[in-house]
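Q: Single-letter residue listing:
Protein chains: 6
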Amino acid sequence: MLDPEQVARWLREDLGHHDVTNHVPGETTGRLVAKEPGVVAGLDAAEAVFDYLEVDVTERLEEGAHVHSGDVVLRTEGPAKATLRAERVAVNISGHASGIATRTRRAVDAAHEVNEGVRIAGTRKTTPGLRGVEKRAVVAGGGDTHRLDLSHMVMVKDNHVAEMGLEGAITHFREQASFATKVEVEVEEPEDAPRAAEAGADIVLLDNMDPATTEEAVELLPDDVLSEASGGIRVSDVPAYAATGVDVISMGSLTHSAPSLDLSFRTG
Amino acid sequence: MLDPEQVARWLREDLGHHDVTNHVPGETTGRLVAKEPGVVAGLDAAEAVFDYLEVDVTERLEEGAHVHSGDVVLRTEGPAKATLRAERVAVNISGHASGIATRTRRAVDAAHEVNEGVRIAGTRKTTPGLRGVEKRAVVAGGGDTHRLDLSHMVMVKDNHVAEMGLEGAITHFREQASFATKVEVEVEEPEDAPRAAEAGADIVLLDNMDPATTEEAVELLPDDVLSEASGGIRVSDVPAYAATGVDVISMGSLTHSAPSLDLSFRTG
Amino acid sequence: MLDPEQVARWLREDLGHHDVTNHVPGETTGRLVAKEPGVVAGLDAAEAVFDYLEVDVTERLEEGAHVHSGDVVLRTEGPAKATLRAERVAVNISGHASGIATRTRRAVDAAHEVNEGVRIAGTRKTTPGLRGVEKRAVVAGGGDTHRLDLSHMVMVKDNHVAEMGLEGAITHFREQASFATKVEVEVEEPEDAPRAAEAGADIVLLDNMDPATTEEAVELLPDDVLSEASGGIRVSDVPAYAATGVDVISMGSLTHSAPSLDLSFRTG
Amino acid sequence: MLDPEQVARWLREDLGHHDVTNHVPGETTGRLVAKEPGVVAGLDAAEAVFDYLEVDVTERLEEGAHVHSGDVVLRTEGPAKATLRAERVAVNISGHASGIATRTRRAVDAAHEVNEGVRIAGTRKTTPGLRGVEKRAVVAGGGDTHRLDLSHMVMVKDNHVAEMGLEGAITHFREQASFATKVEVEVEEPEDAPRAAEAGADIVLLDNMDPATTEEAVELLPDDVLSEASGGIRVSDVPAYAATGVDVISMGSLTHSAPSLDLSFRTG
Amino acid sequence: MLDPEQVARWLREDLGHHDVTNHVPGETTGRLVAKEPGVVAGLDAAEAVFDYLEVDVTERLEEGAHVHSGDVVLRTEGPAKATLRAERVAVNISGHASGIATRTRRAVDAAHEVNEGVRIAGTRKTTPGLRGVEKRAVVAGGGDTHRLDLSHMVMVKDNHVAEMGLEGAITHFREQASFATKVEVEVEEPEDAPRAAEAGADIVLLDNMDPATTEEAVELLPDDVLSEASGGIRVSDVPAYAATGVDVISMGSLTHSAPSLDLSFRTG
Amino acid sequence: MLDPEQVARWLREDLGHHDVTNHVPGETTGRLVAKEPGVVAGLDAAEAVFDYLEVDVTERLEEGAHVHSGDVVLRTEGPAKATLRAERVAVNISGHASGIATRTRRAVDAAHEVNEGVRIAGTRKTTPGLRGVEKRAVVAGGGDTHRLDLSHMVMVKDNHVAEMGLEGAITHFREQASFATKVEVEVEEPEDAPRAAEAGADIVLLDNMDPATTEEAVELLPDDVLSEASGGIRVSDVPAYAATGVDVISMGSLTHSAPSLDLSFRTG
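Chains G, R, V, B, W and D are the protein sequences, given in the same order.
Per this note's numbering, the first sequence runs over residues 1 to 268.
Per this note's numbering, the second sequence runs over residues 1 to 268.
Per this note's numbering, the third sequence runs over residues 1 to 268.
Per this note's numbering, the fourth sequence runs over residues 1 to 268.
Per this note's numbering, the fifth sequence runs over residues 1 to 268.
Per this note's numbering, the sixth sequence runs over residues 1 to 268.
Keep in mind that the hints are not guaranteed to be accurate.
Unchecked claim - Here are the simulated DSSO-like cross-link-like pairs (lysine-lysine), alpha carbons at most 30 Å apart as the crow flies: (1) V/81 - V/125; (2) W/35 - W/157; (3) R/35 - G/81; (4) D/81 - W/157; (5) G/125 - R/125; (6) V/125 - V/35; (7) W/125 - W/81; (8) G/157 - R/35; (9) V/81 - B/157; (10) R/157 - R/35; (11) D/157 - W/157; (12) D/35 - W/81; (13) R/157 - G/125; (14) W/125 - D/35; (15) V/81 - B/35; (16) B/35 - V/157; (17) D/157 - D/125; (18) R/81 - G/157; (19) G/125 - G/35; (20) G/125 - G/157; (21) D/157 - W/125; (22) W/81 - D/81; (23) D/81 - D/125; (24) R/125 - G/81; (25) B/81 - V/125; (26) V/125 - B/157; (27) R/81 - G/35; (28) B/125 - B/81; (29) V/35 - B/157; (30) D/35 - W/35; (31) B/35 - B/125; (32) W/35 - D/81.
Stated by the list, open to error - Where chain R lies over chain G, by a calculated footprint (3+ residues, C-beta under 8 Å): (33) 10-18; (34) 123-129; (35) 143-152; (36) 155-161.
Hints were generated in silico from the structure; no laboratory data involved.
All values reported here derive from a predicted model rather than from experimental measurement.
Backbone N, C-alpha and C define an ideal beta-carbon position, used for all residues, glycine too.
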């Protein structure tokens, strides 16, 4: 759900106190057009921007649709002034989200060529203010949101282990966390993976391991515990990790470093 | 100025309703460390995040400082719980802004090797919600903000020209705009550049012209009117545009497509 | 984390535009005192109210502490005017949260007398605007938050089953949900419990079953799938449900119908 | 007036960043149904929740209507997805407000059996964030809001009297307060009641007196000064206080301790 | 109470996204100085602006103090950059409020020369967003706030009387309104004044009557009912109305048309 | 663009928690009527208020229209309750803005009688919270907004000159400011005006000079540099300044001291 308050803030920061260039009378139609191939996302957000200014979105692609250069992504109809005011913000947010979906789709495709069952996931490395938009863009690209916020899943980290021991920390957080919450445990050595599983981890995060080490750790884990590879993995590294049998490959770069998809808005 | 309300929203979206993993008693120190070379920015924003949770920032680099891998960017001191809660958001915002500053600096350096006088500028293609943070990151990288919002400078565009003619549109907006506001005019043909200047443009935007055409247009302009090259210019294109004698090269990719700079936060 | 904006709204709604009765000069001390026995909670929120008006909280009990009538829960020191302005809001929020903690503790104790392993959990039936405060009050009373929001855990409900079939719905949401998210399935007949487990449910919710039927369903479930009893369960019903071997007993009344704990604030 | 911003916050806290269970296509109808007898309130708030998500409320009872188990309180029509998202918040707020209205009505009826002229009033002991909703629920139950906020009416309290004397304090606040504002004075001894009246009180609050003492104080007051009984009065105490001839009986428990009225929402 | 959120909005609207002129290093002192004689107000608001940016207000006059040209109203100490950023907003709000206090004081003095007992009151004709600041400025000038908002006092107006009759409307609102709320009745003919009093009005508003008619109406009213003269009364009209024996003279111009008091801020 | 959040705040501050006087059933029409001649503004804001409460504005004058006493400015149609709730806020904001437009128009007319080319401009001395509304009101009255916020135009002030010298400061800010931003320089002596122009000022502000000195300074300036007279200029001073040949006359009193235009709202 995109909050009208948030849309208002986006528009306000782009408009300022007195804009004289968009006082265009009458009605107009508009279309958001892809200028390069990719996967679109953030269209809910773009539509919320137009809605806020009472411009109708008459047609739009589904989140996650593949586009070619020249494809129309979304069409609008409404007052020219409002359309022009919405344009830049709508393009910025959908271009940003589509960039994330496009990169995610690339990683997912690379992974699935090797291993149909592996999931490509985002991380908490999102742009402040855009957690929801970016997580949904990862999903539009075929990826997995991973944990949405700190309260969604417990992550047992090295500082917890240093303080309470591996088993101690897991037991502690199993107790502290709701039955509704999964517990994931970060390990740095393959031999800690089965210990974590034994102690009650739902998921074991194999931190900064190369593919060979990852494979070694995966093999030590029982079937009903998920494994996740994480740590600076690039799209080009995905096939090697996918081949390890790991369940999840998570990549911060999906959200923090994907270039925008080139979209442009045309009126009239 | 970064708004505490905005910081609160950033923290809230990362925290959720009930986080059990950060209930660490006592005080801790922390440091934000560069894991790759680049130019840092967004440190005001990162500091605002720590401030909000009453963690002291005891030391930090200047916005725009060059860092090497391993350099400490910022140090904190305060309650462990608050430090851990601030960490992810502080890293996300400063990594994002530093990515922009780093790419800007690369473009500026590429330009200045050819032409000391040219400015590299951002555009309005910023991430919604982060206009101020991103514009200041462009400045930290040695770039120029370009117009901050629609009210800051009048941009006479093709739709205005279509409706009122080139001279008509410029006269109209000269009249409408405050004396405090510059008027920039977008032209697509070199021969329109001097017409725009004649009609009162402060700046002429040479839209989507290749370097040779850009140079042609620049030569037709009087000295007291600025020229700007714009339209899909990549860092690798910068030297060729810088050589044309144009005053400003603007690049949307500085803000919408710069990968994050790899920063990491360590406590204790 | 309690948001200063939220505290500001609470204070504003109680203060109005021009209050003349609290213009008391000088400093004062204050103490929040229990007027009946119970379990305290919401002290973070009460402290945030005093903090907002720059009144120091010099001492306070832990969330979840048991109090007797006359016990001091929290002490303050600061400007008399600010103390008086904070008082009513601080008492209201901590009395409300403590009422929830007290009722939760009663249910937990009743359950544990019969079965040490069962969890008492809240629901999403919380007071609008107070989700976090109330969930943390449940925890202070020894309870389990249950899911914090719709995104925290997937709940497969009767309408989903009607549309896709039990197995179909579970498979669908296993796919849709992140690997980080548990899937709970609501069933109305004991024999559907093992079907849900088989199809991949992490938790099976036994909806509106009496204790005998609940026990029957629990026995049909494999050990590694959790069971939850839910539906109008009162504190007096808890022992009977606890005896069924169910893992979780959830009760909306913990948050929507607990009377406030009687706390009072005294200055000077 | 219920603020859309407030509704947005309520929905956001229940939804989180990525809910996958409510993506139901098409339109649906819904009805809010009473599962126990009572008095309904908060329907304005429930309607605001549906409105916010563009679900039509096609029919609803009046605030303050009496319902039996099974009665339809409100009907909706609109997109299934939006209806499902609004449901929990709409039920929570109207159940909460209806619980207050129901308890208030019980107290009012108990009072009126003894004395038709007495008013049952709320206090400032409301749930933070819900002052307006709860005060209007008291009205729906036949009660009196009492003062809405600190600025609405001056309350002269024991600390004021300690500082300035009874007459001194009343004179002081008569001067400080607007002519538009009533002045109520809290007294602890019956003989102070006529002194307060004499000194200019519009209303005298008889604090923590038992019914007999209350009656004694009421008899000492002139006719044109109102009397209010307050201090831990339960519904079962109401008839005894009503019989004293007091004008107003105020009860914090109306708002801080009323159990929710059991309402449920059904679609399709 | 001035809300930090409101201060943040004020500062944000003056600052924009990137201000380069206030980057002054080091500390500075500042003083707010009167450039003409008057009565100061809004100093709480000005202090809140400095506080927000962590500039100390080391000394300030009381709200309502009389100043001569050259008098120092408030002194600050803190970072130069923050001081310069706060300056314009702090001057704007205190100049505005002081203008209101100054005009109010002029009206109060004019009234009291004729009649010590009459009150000069504001109205609801305040600048949107500044209700509290302006009402408190009226008080600083020796005036009466009148009703603070629609919920503070019931005003029975001509449209109510047209619908229900004078007595009917008063009876209706006596019933509807809390015992804590006064009821004022607007009349246009002197002979309606005693009818309104008889029917239960606490205050009778004599709408748009000249002084002679006002006097006539006042004489018809019993002593325990207040009278208010209202309707386009200017400061120069005040003595004539004060002489009528009316209790309250209300003037919209106090808040909607008072020129700002000339204040200036000097640093260093 | 007027923010619905801002409108919500305006309405909330006028309404309070429980208003009983505006519960009028049915529909009504309304009209905003001028009670004195002037220039109207703020009608966008008034319309936003009605819109917020879903009252249709069926007709309205243009911003900047001249009105006579009795002219209808705006007509509404919608629910009576919502119309009555919107009325006071809509009148307050449009009366305030129209007062500014009316005073601006008076100054502009006075100036143009002497010199057609001179501009009358506002300043940053606006009412906190209303920067946009007031700047647009100045425009409605035929004036110039001047700089909208600190980021819009660089103003080189005496403290900058004291620190860096006149030429140094101008060079510094030319470098710091975007190419999109004009640089204005404040001078106190006529002979500094050409120095500032020479050093790169786009505009020279002639601070607190009398008309004769202003004229002297204007004559020293080259044609392509604008001049602005500022400092306590009243409407009666405008002709003398207009005769000096200065390009811009700026007046803080347009926004901080214009009396409201008398508008009234009538229903039915």
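Q: None of the hints should be skipped; say for each whether it holds.
A: Going down the list of hints, with the structure as the test:
1. For the proposed pair residue 81 of chain V and residue 125 of chain V, the alpha carbon gap of about 36 Å is over 30 Å, so the pair is violated.
2. The hinted pair formed by residue 35 of chain W and residue 157 of chain W fails the criterion: a straight-line CA distance of about 43 Å is larger than 30 Å.
3. Distance hint between residue 35 of chain R and residue 81 of chain G is unfulfilled; the C-alpha atoms sit about 46 Å from each other, more than 30 Å.
4. At most 30 Å may separate the alpha-carbon atoms for a hinted pair to count; residue 81 of chain D and residue 157 of chain W meet this at roughly 14 Å.
5. Proximity of residue 125 of chain G to residue 125 of chain R is assessed by CA-CA distance (about 21 Å); at most 30 Å being required, the pair is judged to hold.
6. Of the supplied pair hints, the one linking residue 125 of chain V and residue 35 of chain V holds, its CA atoms being roughly 28 Å apart against a limit of 30 Å.
7. Distance check on the hinted pair: residue 125 of chain W and residue 81 of chain W sit about 36 Å apart at the alpha-carbon level, beyond 30 Å; violated.
8. For the suggested pair residue 157 of chain G and residue 35 of chain R, the alpha carbons sit about 20 Å apart, so the restraint of at most 30 Å is met.
9. Between the alpha carbons of residue 81 of chain V and residue 157 of chain B the distance comes to roughly 14 Å, so the proposed pair stays at or under 30 Å and holds.
10. Proposed proximity of residue 157 of chain R and residue 35 of chain R is contradicted: the alpha carbons are some 43 Å apart, above 30 Å.
11. For a cut-off of 30 Å, the pair hint linking residue 157 of chain D to residue 157 of chain W is broken: about 54 Å separates their Cα positions.
12. Between residue 35 of chain D and residue 81 of chain W the alpha-carbon distance is near 46 Å, which puts this suggested pair outside the 30 Å criterion.
13. Under the criterion of a C-alpha separation no larger than 30 Å, the hint pairing residue 157 of chain R with residue 125 of chain G is inconsistent with the structure, at around 37 Å.
14. Distance hint between residue 125 of chain W and residue 35 of chain D is fulfilled; the C-alpha atoms sit about 15 Å from each other, no more than 30 Å.
15. Between residue 81 of chain V and residue 35 of chain B, the direct Cα distance comes to roughly 46 Å. Violation of the 30 Å bound is thereby established for this hinted pair.
16. Pair hint residue 35 of chain B plus residue 157 of chain V holds up; C-alpha atoms about 20 Å apart against a cutoff of 30 Å.
17. For the hint linking residue 157 of chain D to residue 125 of chain D, the alpha-carbon distance of about 16 Å falls within 30 Å, and the restraint holds.
18. For the hint linking residue 81 of chain R to residue 157 of chain G, the alpha-carbon distance of about 14 Å falls within 30 Å, and the restraint holds.
19. Straight-line distance between C-alpha atoms of residue 125 of chain G and residue 35 of chain G comes to about 28 Å, which keeps the hinted pair within the 30 Å bound.
20. Restraint check for residue 125 of chain G and residue 157 of chain G: satisfied, since their Cα atoms lie roughly 16 Å apart, inside the 30 Å limit.
21. Distance check on the hinted pair: residue 157 of chain D and residue 125 of chain W sit about 37 Å apart at the alpha-carbon level, beyond 30 Å; violated.
22. Taking the CA atoms of residue 81 of chain W and residue 81 of chain D, the gap is about 48 Å. The hint is violated against a cut of 30 Å.
23. Pair hint residue 81 of chain D plus residue 125 of chain D does not hold up; C-alpha atoms about 36 Å apart against a cutoff of 30 Å.
24. This hinted pair checks out: residue 125 of chain R and residue 81 of chain G have alpha carbons roughly 19 Å apart, not beyond 30 Å.
25. A distance of roughly 19 Å separates the Cα atoms of residue 81 of chain B and residue 125 of chain V; the hinted pair therefore holds under the 30 Å criterion.
26. Between residue 125 of chain V and residue 157 of chain B, the direct Cα distance comes to roughly 37 Å. Violation of the 30 Å bound is thereby established for this hinted pair.
27. For the given pair, residue 81 of chain R sits about 46 Å from residue 35 of chain G by alpha-carbon distance, which is inconsistent with the 30 Å threshold.
28. Annotation: proposed proximity of residue 125 of chain B to residue 81 of chain B is violated, straight-line Cα distance about 36 Å (limit 30 Å).
29. Using a Cα cut-off of 30 Å, the hinted pair residue 35 of chain V and residue 157 of chain B holds, with the two alpha carbons roughly 20 Å apart.
30. A hinted pair counts as satisfied when its Cα atoms are at most 30 Å apart, and residue 35 of chain D with residue 35 of chain W does not qualify at roughly 34 Å.
31. Restraint check: the Cα-Cα separation between residue 35 of chain B and residue 125 of chain B comes to about 27 Å, which is no more than 30 Å; the hinted pair holds.
32. The straight-line distance between the Cα atoms of residue 35 of chain W and residue 81 of chain D is roughly 46 Å, outside the 30 Å bound, and the hint therefore fails.
33. Counting residues of the region 10-18 of chain G whose beta carbon lies closer than 8 Å to any beta carbon of chain R gives 7, which meets the minimum of three for the stated coverage.
34. With 6 residues carrying a beta carbon less than 8 Å from a beta carbon of chain R, the region 123-129 of chain G meets the three-residue requirement, and the given coverage holds.
35. With 5 residues bearing a CB less than 8 Å from a CB of chain R, the region 143-152 of chain G meets the requirement of three and the coverage assertion stands.
36. For the region 155-161 of chain G, the assignment as covered by chain R holds, since 5 residues bring a beta-carbon within under 8 Å of that chain's beta-carbons and 3 suffice.
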